[in-house]
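Those protein sequences? They're chains A and B, same order as listed. All residue numbers for the first sequence refer to numbering that gives the first Met the number 0, where the first residue is 0 and numbers rise by one. All residue numbers for the second sequence refer to numbering that gives the first Met the number 0, where the first residue is 0 and numbers rise by one.
Mixed in with the good hints there might be a few duds.
[Unchecked claim] If you anchor each label on the Cβ, the simulated ranges turn out as follows:
id	chain 1	residue 1	chain 2	residue 2	range
1	B	P203	A	L111	38 to 44 angstroms
2	B	L253	A	F210	53 to 59 angstroms
3	B	T176	A	F210	27 to 33 angstroms
4	B	R178	A	G9	26 to 32 angstroms
5	B	T152	A	L94	31 to 37 angstroms
6	B	P203	A	T62	47 to 53 angstroms
7	A	V223	B	L253	51 to 57 angstroms
Hint data in this document are derived by calculation from the structure and do not stem from the laboratory. This structure is a prediction, so every number in the text was calculated from the model and none was measured. Every residue, glycine too, gets a C-beta built ideally from N, C-alpha and C.
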Amino acid sequence: MLLYLAKRLGFAVVTLLSVLTLIFLMVRILPGDPVLMILGDQASPESVIAMRQRLGLDQAIGTQYLHFLTNALKGDLGNSMVTGRPVSQEVLSVLPYTLELTFASLFIGLLLGVPTGVWAAVKRNKVPDYVLRFVSLLGLSLPGFVSAIVLLIVFAINLRWFPVISAGGGEGFINRLWQMTLPVISLALIMMAYITRVTRSAMLEVLSQDFIRTARAKGARPWVVIWRHALGNCLIPISTVVGLYLGILIGNSVLTEIVFSRPGLGKLILTALSQRDYTLLQGMVVVYTLIVVIVNLATDLTYGLFDPRVQYK
Amino acid sequence: MKNSVILSTQPDQAPRKARSILVRMNLSMWIGFAIISALVLAAILASQLSHYPPAKQNLFDQLSPPGAAYVLGADQYGRDIWSRLLFGARYSLLIGFLAVLSAMIIGTFIGMIAGFKGGKVDIILMQIMDVILAFPSLILGIALVALMGATMTNIIAAIAFTSVPAFARVARAAVITQRDREYVQACSAMGFSGSRTLFRHILPAILPEVMVLASLWMANAVRTEASLAFVGLGIAPPAPTWGGMVRDGFQVILNSPYLALFPSLAILLLVLAFNLIGDGLRDLIDPRLKDSHS
Numbered sequence: 000m001l002l003y004l005a006k007r008l009g010f011a012v013v014t015l016l017s018v019l020t021l022i023f024l025m026v027r028i029l030p031g032d033p034v035l036m037i038l039g040d041q042a043s044p045e046s047v048i049a050m051r052q053r054l055g056l057d058q059a060i061g062t063q064y065l066h067f068l069t070n071a072l073k074g075d076l077g078n079s080m081v082t083g084r085p086v087s088q089e090v091l092s093v094l095p096y097t098l099e100l101t102f103a104s105l106f107i108g109l110l111l112g113v114p115t116g117v118w119a120a121v122k123r124n125k126v127p128d129y130v131l132r133f134v135s136l137l138g139l140s141l142p143g144f145v146s147a148i149v150l151l152i153v154f155a156i157n158l159r160w161f162p163v164i165s166a167g168g169g170e171g172f173i174n175r176l177w178q179m180t181l182p183v184i185s186l187a188l189i190m191m192a193y194i195t196r197v198t199r200s201a202m203l204e205v206l207s208q209d210f211i212r213t214a215r216a217k218g219a220r221p222w223v224v225i226w227r228h229a230l231g232n233c234l235i236p237i238s239t240v241v242g243l244y245l246g247i248l249i250g251n252s253v254l255t256e257i258v259f260s261r262p263g264l265g266k267l268i269l270t271a272l273s274q275r276d277y278t279l280l281q282g283m284v285v286v287y288t289l290i291v292v293i294v295n296l297a298t299d300l301t302y303g304l305f306d307p308r309v310q311y312k
Numbered sequence: 000m001k002n003s004v005i006l007s008t009q010p011d012q013a014p015r016k017a018r019s020i021l022v023r024m025n026l027s028m029w030i031g032f033a034i035i036s037a038l039v040l041a042a043i044l045a046s047q048l049s050h051y052p053p054a055k056q057n058l059f060d061q062l063s064p065p066g067a068a069y070v071l072g073a074d075q076y077g078r079d080i081w082s083r084l085l086f087g088a089r090y091s092l093l094i095g096f097l098a099v100l101s102a103m104i105i106g107t108f109i110g111m112i113a114g115f116k117g118g119k120v121d122i123i124l125m126q127i128m129d130v131i132l133a134f135p136s137l138i139l140g141i142a143l144v145a146l147m148g149a150t151m152t153n154i155i156a157a158i159a160f161t162s163v164p165a166f167a168r169v170a171r172a173a174v175i176t177q178r179d180r181e182y183v184q185a186c187s188a189m190g191f192s193g194s195r196t197l198f199r200h201i202l203p204a205i206l207p208e209v210m211v212l213a214s215l216w217m218a219n220a221v222r223t224e225a226s227l228a229f230v231g232l233g234i235a236p237p238a239p240t241w242g243g244m245v246r247d248g249f250q251v252i253l254n255s256p257y258l259a260l261f262p263s264l265a266i267l268l269l270v271l272a273f274n275l276i277g278d279g280l281r282d283l284i285d286p287r288l289k290d291s292h293s
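If we strip away everything but chain B, and leave its shape as in the complex, we get (with noise of 0.2 angstroms):
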């Protein structure tokens, strides 16, 4: 502290941070952001890309299996799988997007506020944190789900809500590493507010960690969604989503198991997507993970 000339009130190597994660991505990162993309622009261009509406039923294509007529086949309503699978992108993406976009920031609140403030703060709003965690999170959503109705808000406040306590530990660990840096001090020194030194200077130098979690997450929350539908709290039929299809493809599973194994692997690509990126992410960030990478 004696040799610094001028202290700085910003975190020294978070920009830098962030400009060389676009420069340095990795090999697992390009193939998660590449199927991301496709599966959003195939969301996007749903109807575009499909020659039937998602719920028209055509009772004499009755499981017709893949074929010209219907690329995928059609399933026990003679639906179109395809084009209910590219509808049912929309849901699944939408839902786990905005599902870890209300728990990143909630969470993140709470954690930083824990971190920063310590003590009772501290220890009654982890303590919290810890009671949501005790519970599983997928039996915790299907109660939540099934006590407030399967609507599309509801599944979104039932998911964000059993992620909320990963990205308040993590914001609070990563605070509390924070708290006594230079900039830090420099910014009491200055007289600015608490909440100014915690969301205009702290944030942004903790806000790395809290996107590994959020993509990692994002992979958590279309799973959660995908199971959530499969034991029938999903949104309700006839909207596609994944969970659904193959919920109604296990009923023809022993005839036509394709109609359960095509959303089934939909899901299994769009989870392995965010993993992938969460991945290289983290081994970007955690120098500790990146240092027994090279």
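So that you can see chain A by itself, here it is in the shape it has in the complex (with noise of 0.2 angstroms):
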């Protein structure tokens, strides 16, 4: 166990070198020079030195590479180009929003998800799969975008039953939940077909063994059959899909965070787009890759819990 942890361990930080060295290169080969970018096209000759020699960029490619590797495994991303605070501190003031948005949307997912796929591998080729099997197709066809808009011109704008702005802060945590709906819906909309479709097909596959036949033959019940035989065995898949989905539920949040103006990473780095804050844009992506292995990494321990088969080698 230890074992297979320092391995995994050893592959998350692998990839996160990698990473880092692509956003290394990314950044200094693409055409553009950030001095030009921060200071615009009339700065004097003088400036432009003395800028590049604050960000270090005078040093040779190899230094600086070295330097911005030692400074990134330090949690230090540099500072922000426009309002010169650190970029880590920037992202966390930021972070929870978005987890708290992203983790509610997948327990809401997940809630609803999984009890619809039982029920779609259960009547399977009946009208409740059908429909099912349609309305899942839908949602994981969804931007993000839109089913934020569709919610936001429907419950807030038409019904009035939710505030159009869910700025985030607001006093009290039933205000604060009250302000969350429509977000955490419209993200979960899409993490539900996505749990939906494929708890239905490992639902089926698990339904068609032996030691189900084994165990309606012994007399158990049909209810406990579905719910603690077969769908106990789902579970792996459903994690797998789970942690695949959760990487790219946090990085479709920032669709949801503009359309509901809450404030969150997404809403950070389209700041740092619009401002041409390079230091910042770079050191989110860093950050949004840091959560994607450690979701990762989460969903392989995950597998022991569910299945007391699988060994960690």
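Given two chains presented individually in distinct reference frames, assemble the corresponding complex, making use of the accompanying hints.
Below you can see the structure in the form of structure tokens.
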């Protein structure tokens, strides 16, 4: 177990290092001089040189690379080119909003997606199955901003049940929950679609196996067979999909955050874009990757939790 | 092997499979094809089907609601939504198609080499693919387009870049299942070169699987393009892109919600159509899924 953990961690570190290298190269290979972008075309040669020194761009490329890597590993992603505040601080101040949004969506997606997937599998090739299959296909076709805009138009503008701007602040837990409802639902719909589909296909596979027939033959109630015997064996494919799409969900939360004017990583990356804040942008890509790597690691570890036969070697 | 009289250098069931797909098209594929054909036709005939050029501003008709003059209304610059939707279909279809085509060619090539060569080549190539996969694809797309500039070529390149690993993985897995088959052994017995075996004999056998992925990734590419345009990284205005129209409409959503709604539904329809085709194709091709489907 420890060896496996060390191996997975080693792989995660290699991935992160490669990503850092890729980002470092991307920023330098792609056209556009960051110094001119910060100072504008009209900058005097002296200020350009001074800025180069301040950013460390006058050093050899190898030195720059080492500097960038060691700093990133220490958690120092540089300072924002616009505000001058450390990138890590900027990110940490909005990270909770994005995490609360995605994890709440994931929770609701699981809560609704697993039962509907089981239902579709049990009613295979009957009306509920066809309807659920179409609806889940519709759900996974939704771009994040489309589900958000439709919900916004229906529930916030026409029905006026929810606030148009979910600023994220607000006083009191209830108020905060109320503001979060629409953004969470808009992402949960997409997550639910993926979970319904994987639950259905995993259930279909499990239900055709011998041990299910044995369980039925020995007289276990249908309810117990489906929810205990069968579903227990679907947890691995479900957690794989959750792991895979949680990263995508965090990436897509950028769209939800724009539509509902919520603070979060997505809002921050767009600010970085519009202000051409390249250190912030670069730091945020690192943070997103870090999240994906952590999620993947966690997914691997849950396999052992759900299936004692999984040996960590 | 002992029993076979003649070793064939052709994979046995590939041509039959390809033929039978056309015959056994299922309902979801028919619906998907119907929607796509209609949208392609609309994109081609855009100038015949609309009364106004897509960028024409009629300042007296700003925000006019759907009606006789403007079927789907006009936006805050007085531009006809209907004709912008029609012309926008061109961008969505073209960008999606070119992005997936390039990703398919590059990714399949990488995956086939990795699967066929094995060993170090395999490890290095797939490690690079895994690194690209470690980025959330939308964020990677946003970063790439932001750094390179939002032109059509760059948008296509960025979307293709994020989709390459998926094709590489599928092609690699498919090649590995073919590598030890009889016809491949026959190829090497005949003294065919590695590249001839790989591209003339193995490629046709794995193409169905790659095509399923291509239609599923068309859906993804269209969605990514729309998302990029929605965050302001689409082709520069006044070009009518659906994502850009949603972005424009979103600014006046309190008064004229339909401005954001119509292009949103258009995007959803196109993505859904590609998913329907991909889903139907997968049912036909993947025997394991087909079995659980009947």
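Hint numbers the structure violates, sorted upward? none
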